[in-house]
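Peer 1: Sequence:
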Amino acid sequence: IFMKYARVEMAPPKLSDIPQIKAGIGKLLTTARTGAWKQQTVKEATLNVRLEWKCLLVLCRRMHWQTPYRWL
Numbered sequence: 001i002f003m004k005y006a007r008v009e010m011a012p013p014k015l016s017d018i019p020q021i022k023a024g025i026g027k028l029l030t031t032a033r034t035g036a037w038k039q040q041t042v043k044e045a046t047l048n049v050r051l052e053w054k055c056l057l058v059l060c061r062r063m064h065w066q067t068p069y070r071w072l
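Numbering-wise, UniProt numbering puts 35 at position 35 of the sequence shown, and it's gapless, one number per residue.
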């Protein structure tokens with residue numbers, strides 16, 4: 001069971017996922033700029049933080065895959 005879910009989590013995002021990721025980041029930035037984050041519930045804020053971390057991890061993985069071992 002572990003390997004089944006590990007493969008899904010470690011898979012790079014598909015091209016069809018990119019618009020959804022961009023929309024989520026855009027919504028987060030808009031919320032931060034307008035101050036609407038002050039009106040969010042704890043649940044909504046937690047989901048936004050999880051999305052932000054996931055996007056950051058995806059970005060780090062992409063950078064690592066595209067430039068492997070260049071620092072050596």
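Hints listed in this document are in silico derivations from the structure and should not be mistaken for laboratory results. Any given hint could turn out to be false.
Unchecked claim - Below 25 Å or equal to it, Euclidean Cα-Cα: the simulated DSS-like pairs (lysine-lysine) are:
{"id": "1", "residue 1": "K38", "residue 2": "K14"}
{"id": "2", "residue 1": "K54", "residue 2": "K38"}
{"id": "3", "residue 1": "K27", "residue 2": "K43"}
{"id": "4", "residue 1": "K54", "residue 2": "K43"}
Said to hold, decoys possible - Distance ranges between label pairs, derived from CB positions:
{"id": "5", "residue 1": "G35", "residue 2": "R61", "range": "20 to 26 Å"}
{"id": "6", "residue 1": "T30", "residue 2": "V58", "range": "17 to 23 Å"}
{"id": "7", "residue 1": "K38", "residue 2": "L15", "range": "17 to 23 Å"}
{"id": "8", "residue 1": "P13", "residue 2": "K38", "range": "29 to 35 Å"}
{"id": "9", "residue 1": "G35", "residue 2": "P13", "range": "17 to 23 Å"}
{"id": "10", "residue 1": "R61", "residue 2": "T34", "range": "28 to 34 Å"}
{"id": "11", "residue 1": "V49", "residue 2": "D17", "range": "16 to 22 Å"}
{"id": "12", "residue 1": "K27", "residue 2": "L57", "range": "29 to 35 Å"}
{"id": "13", "residue 1": "Q39", "residue 2": "P13", "range": "27 to 33 Å"}
{"id": "14", "residue 1": "G35", "residue 2": "P12", "range": "17 to 23 Å"}
{"id": "15", "residue 1": "R61", "residue 2": "A32", "range": "31 to 37 Å"}
Even glycine gets a Cβ: it sits at the ideal position worked out from N, Cα and C.
Peer 1: Sort out which numbered hints this structure fails and list those numbers smallest first.
Peer 2: Of the numbered hints, 1, 5, 7, 9, 12, 14 and 15 do not hold.
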